[in-house]
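Chemist: So you can see what is in the structure, the chains are spelled out below.
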Amino acid sequence: DQQVKQNSPSLSVQEGRISILNCDYTNSMFDYFLWYKKYPAEGPTFLISISSIKDKNEDGRFTVFLNKSAKHLSLHIVPSQPGDSAVYFCAASADSGGYQKVTFGIGTKLQVIP
Amino acid sequence: DGGITQSPKYLFRKEGQNVTLSCEQNLNHDAMYWYRQDPGQGLRLIYYSQIVNDFQKGDIAEGYSVSREKKESFPLTVTSAQKNPTAFYLCASGRTGLNTEAFFGQGTRLTVV
Numbered sequence: 029d030q031q032v033k034q035n036s037p038s039l040s041v042q043e044g045r046i047s048i049l050n051c052d053y054t055n056s057m058f059d060y061f062l063w064y065k066k067y068p069a070e071g072p073t074f075l076i077s078i079s080s081i082k083d084k085n086e087d088g089r090f091t092v093f094l095n096k097s098a099k100h101l102s103l104h105i106v107p108s109q110p111g112d113s114a115v116y117f118c119a120a121s122a123d124s125g126g127y128q129k130v131t132f133g134i135g136t137k138l139q140v141i142p
Numbered sequence: 074d075g076g077i078t079q080s081p082k083y084l085f086r087k088e089g090q091n092v093t094l095s096c097e098q099n100l101n102h103d104a105m106y107w108y109r110q111d112p113g114q115g116l117r118l119i120y121y122s123q124i125v126n127d128f129q130k131g132d133i134a135e136g137y138s139v140s141r142e143k144k145e146s147f148p149l150t151v152t153s154a155q156k157n158p159t160a161f162y163l164c165a166s167g168r169t170g171l172n173t174e175a176f177f178g179q180g181t182r183l184t185v186v
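Those protein sequence lines, which keep their order, are chains A and B.
Under the numbering used here, residues 29 to 142 are what the first sequence spells out, in order.
Under the numbering used here, residues 74 to 186 are what the second sequence spells out, in order.
There may be inaccurate statements among the hints.
Partial pick of chain B residues on the chain A-facing surface, computed with a CB cut under 8 Å [claimed, not checked]:
id: 1; residue: G115
id: 2; residue: L171
id: 3; residue: T173
id: 4; residue: E174
id: 5; residue: G178
id: 6; residue: Q179
Where chain B lies over chain A, by a calculated footprint (3+ residues, C-beta under 8 Å) [unchecked claim]:
id: 7; segment: 41 to 48
id: 8; segment: 91 to 99
id: 9; segment: 121 to 127
Distance condition first, Cα-Cα at most 16 Å in a straight line; then the derived EDC-like pairs of lysine to aspartate or glutamate [as the list claims (entries may be wrong)]:
id: 10; chain 1: A; residue 1: K96; chain 2: A; residue 2: D59
id: 11; chain 1: A; residue 1: K99; chain 2: A; residue 2: D59
id: 12; chain 1: A; residue 1: K82; chain 2: A; residue 2: D59
id: 13; chain 1: B; residue 1: K82; chain 2: A; residue 2: E70
id: 14; chain 1: A; residue 1: K99; chain 2: A; residue 2: D83
id: 15; chain 1: A; residue 1: K129; chain 2: B; residue 2: D132
id: 16; chain 1: B; residue 1: K144; chain 2: B; residue 2: D103
id: 17; chain 1: B; residue 1: K156; chain 2: B; residue 2: E135
id: 18; chain 1: A; residue 1: K137; chain 2: B; residue 2: D111
No lab work stands behind these hints, which were simulated from the structure alone.
Quick caveat: nothing in here was measured; it's all calculated off a predicted structure.
Note that the Cβ used here is the ideal one computed from N, Cα and C, for glycine as well.
Throw the hints in and build the complete structure from the sequences for me.
Modeler: Shown next as structure tokens:
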């Protein structure tokens, strides 16, 4: 049972346009959400996060939107650049007795075409 | 410079042999984690440790063992009891508590033949 779902395995976008990566979750106990970026044969790197008390968090070209009622979040990259081509993991966390238990989605592979 | 180091990057072992993957961090993080990534799947938690000399099983701990004798080090042993050991293994560290991000190493690709 996948609690964090990234239903699009891949996405292609032209350089300069907006990339929108989507993520759905089922566990209402999740209260903190993160996006990680991963290049091949490397570990993921943290990109941006959002707490459940917010509906938007912005960091430069990256914005994460959270719709709690729909249990949906999205990552917007504007403008997209070729260096953004990577796999993006959505992750959600819940308090598990003081420990942050994180559940990852399967990732979406973004290709930005020059 | 600070970071988290996994070694080796590629590892080959014969079936039935135990193998230990190294993970070292100099970020002064209390929490450390081991994840496994398989094709078409997200990262799955094997073990985690929130403090020295203490660790807990994650979602897929069977066939694995860990130790946390030093704050900086969290080695993972893949035992012969692990039925499908071939995978990409990721170590991470982070601050304890809630609403924090993890810092990942480069990963070790283990192939068991």
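Chemist: Now tell me, hint by hint, if it's right for this structure.
Modeler: For each hint, the structure was consulted:
With 8 Å as the threshold, the beta carbon of G115(B) comes within range of chain A, its nearest partner Cβ sitting at about 4 Å, so the hint holds. A hinted interface residue such as L171(B) counts as satisfied when its beta carbon comes closer than 8 Å to some beta carbon of chain A; here the least separation is about 5 Å, so the hint holds. Interface hint at T173(B): satisfied, since its Cβ lies 6 Å from the closest Cβ of chain A, which is below the 8 Å cut-off. With a least beta-carbon distance of about 4 Å to chain A, the hint placing E174(B) at the interface is held under the 8 Å criterion.
The beta carbon of G178(B) is positioned within 8 Å of a beta carbon in chain A (closest approach about 5 Å), and the interface hint is therefore held. With its C-beta approaching chain A no nearer than about 5 Å, Q179(B) sits inside the 8 Å limit, and its interface hint holds. Figure legend: the segment 41 to 48 of chain A, annotated as covered by chain B; annotation inconsistent (0 residues with Cβ-Cβ distances under 8 Å, at least 3 required). Here the segment 91 to 99 of chain A counts 0 residues with a CB under 8 Å from a CB of chain B, which misses the bar of 3, and the coverage is violated.
Here's how the segment 121 to 127 of chain A fares: 4 of its residues keep a CB closer than 8 Å to some CB of chain B, so the rule of at least three is met and the hint holds. The suggested pairing of K96(A) with D59(A) holds, with an alpha-carbon distance near 9 Å, which does not exceed 16 Å. Taking the CA atoms of K99(A) and D59(A), the gap is about 11 Å. The hint holds against a cut of 16 Å. Of the supplied pair hints, the one linking K82(A) and D59(A) holds, its CA atoms being roughly 10 Å apart against a limit of 16 Å.
Restraint check for K82(B) and E70(A): satisfied, since their Cα atoms lie roughly 9 Å apart, inside the 16 Å limit. Taken as a hint, the K99(A) and D83(A) pair is honoured in the structure, with Cα atoms around 11 Å apart against an allowance of 16 Å. Under the criterion of a C-alpha separation no larger than 16 Å, the hint pairing K129(A) with D132(B) is consistent with the structure, at around 10 Å. A distance of roughly 7 Å separates the Cα atoms of K144(B) and D103(B); the hinted pair therefore holds under the 16 Å criterion.
Restraint check for K156(B) and E135(B): satisfied, since their Cα atoms lie roughly 9 Å apart, inside the 16 Å limit. Of the supplied pair hints, the one linking K137(A) and D111(B) holds, its CA atoms being roughly 15 Å apart against a limit of 16 Å.
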